[in-house]
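Start from the sequences, fold in the hints, and give me the full structure.
So the chains spell out like this:
Number of protein chains: 2
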Amino acid sequence: MDGLLLYFEDERLLAGQIARAADMRAVQVKRHRFPDGELKLQLPAALPARVVLLRGLDMPNEKLVELLLVAQAARSLGVGHLTLIAPYLAYMRQDMAFVPGEIVSQQVVGGFLASLFDAVITVDPHLHRVSRLSDAVPARQAIALSAAPLLAGLIAARRPGAVLIGPDAEADQWVAAAAAAHGFDYAVCVKQRHGDREVDVALPGLSVKGRSVVLMDDVASSGHTLARAAEKLLAAGAASVDVAVTHALFADHALTTVLAAGVGEIWSTDCIAHPSNAVSVAPMLARALGELS
Amino acid sequence: MDGLLLYFEDERLLAGQIARAADMRAVQVKRHRFPDGELKLQLPAALPARVVLLRGLDMPNEKLVELLLVAQAARSLGVGHLTLIAPYLAYMRQDMAFVPGEIVSQQVVGGFLASLFDAVITVDPHLHRVSRLSDAVPARQAIALSAAPLLAGLIAARRPGAVLIGPDAEADQWVAAAAAAHGFDYAVCVKQRHGDREVDVALPGLSVKGRSVVLMDDVASSGHTLARAAEKLLAAGAASVDVAVTHALFADHALTTVLAAGVGEIWSTDCIAHPSNAVSVAPMLARALGELS
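Protein chains in written order, with this note's numbering: chain A, 1 to 293; chain B, 1 to 293.
Source of the hints: derived by calculation from the structure; they are not laboratory data. Where a beta carbon is used, it is the ideal one built from N, C-alpha and C, also for glycine. Since no wrong hints were added, every one of them can be taken at face value.
Taking lysine to any residue and the SDA-like style, the derived pairs with C-alpha atoms no more than 25 Å apart in a straight line are:
| id | chain 1 | residue 1 | chain 2 | residue 2 |
| --- | --- | --- | --- | --- |
| 1 | A | LYS63 | B | LYS30 |
| 2 | A | LYS63 | B | PHE34 |
| 3 | A | LYS40 | B | GLY37 |
| 4 | A | LYS191 | A | ASP242 |
| 5 | B | LYS30 | A | ARG93 |
| 6 | A | LYS63 | B | VAL99 |
| 7 | B | LYS40 | A | ALA144 |
| 8 | A | LYS40 | B | ARG193 |
| 9 | A | LYS40 | B | ALA169 |
| 10 | A | LYS63 | B | ASP95 |
Simulated DEER-style distance windows between Cβ atoms:
| id | chain 1 | residue 1 | chain 2 | residue 2 | range |
| --- | --- | --- | --- | --- | --- |
| 11 | B | GLY195 | A | HIS182 | 55 to 61 Å |
| 12 | B | MET59 | A | GLN192 | 34 to 40 Å |
| 13 | A | ARG75 | B | VAL190 | 35 to 41 Å |
| 14 | B | LYS30 | A | ARG31 | 31 to 37 Å |
| 15 | A | ALA46 | B | ALA157 | 52 to 58 Å |
| 16 | B | GLY290 | A | ARG132 | 45 to 51 Å |
| 17 | B | GLN28 | A | ALA46 | 43 to 49 Å |
| 18 | A | GLY264 | B | GLY78 | 49 to 55 Å |
Below, the structure written as structure tokens:
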């Protein structure tokens, strides 16, 4: 494949894997941060007509400014087609004004990305009331891949015969897809949230007594939902509880929170670089690049 | 004056002063930061046709995302005319590619602000090769005010008969303007920069022996330029060296650096809230609001 993959230093590993799988050249964007917080970025002096930028958007705000700088500069250097691979896409949760005047950041950030990039590729975006990525990110092409099959394959190898449990109703379709591929039993919990870090979880009816359970979710953020679910599953007699997530966001002390609840292993994809990474989305992202129009 | 002034909590003081001087209503933008770094912002449920947003852009990246969110949401709530007051304007220094491929962030950020706001008002923007703010920020109205007269008035009261010294040639016009108003002697140093924090300064010919010297600059960032200049001025026999700046950015240990060099007092405007604030730009900003078309 022709074209160039630009990446930032902290995503060097994933960039290299995508570039190898897609047979592209990968070049690092040089980045300097001044003491006053301003960024100085440097691109290759000459760019081809098609350029792909890899930038996952965990801890998103500074990275959104990087996207603005890189995309505008790439255009001024003559790039005709610009693709963003954001394995983790931020600001997808706030999709309506829950009180009047609340800013619908999904719409604003989605529109911002669409104004900068011809194509946006992501993995398991956290969409609620908006079902298609293109409704949230109205770029010419907006492609949402799913890591559920990859995680299901991993679970089939590590915990054959496990019960898959989604921590809330929103995970239903996604856990169902993972379960179907390998014939796993599955169910989802009912979640009640009382704040950023306070959640309560009600287990599904399905018995987990004596069984290996894998909690599956698209994102592990504060870890409180996973921790509450794990505690209840163990109290209900589960033989073991492991966790499989697409995005290992793990803000603050999330990892400690999850492990303290009795979770055995945590497996994640490399959408966000993290010690728990156990399966790579690089081949899937490379395929998606190859299928762009 | 009709219209509404929106502000963020950390600029409450300056917002109140501007609103009182301009006879406007000031309302705080509600801001919540989730553990994963995403922002949730809330505006008043109804907005008038003309809205002013106060947001200084020191440590700019997260604040640029706030501007995007607020401006887009305000438009979707029907605001027809949107003004940004950014007492400190970021990303004005990088105004050309020093090596091929280097991103000209002044152009990108300036264009971004112009795409969001009808009018942009700032104080002493740090422009080098671009002389007019409208060339850097192509908004319908781009207004650069100067705090030099305010600082000159302060110096006239605190250090009558002082010599004004600018730390580099770029300060020349600005120091000259401050000096002219009160008949101060003045001159500028010659600066050589070897990195973010390494600078050397050559004193001007003007004798400072036995005289009170005030170092004036638009911005105090790392503090190294001011510190080097102060040391040399004291070594050349200056009776005292004080510092007057528009923007008290003072990144990292800058304040310690400056004081350790023997500087007596530091005076700044309230463009950036800081313990050194000694004079307010609020009346000047309010007047500029009143003169907008």
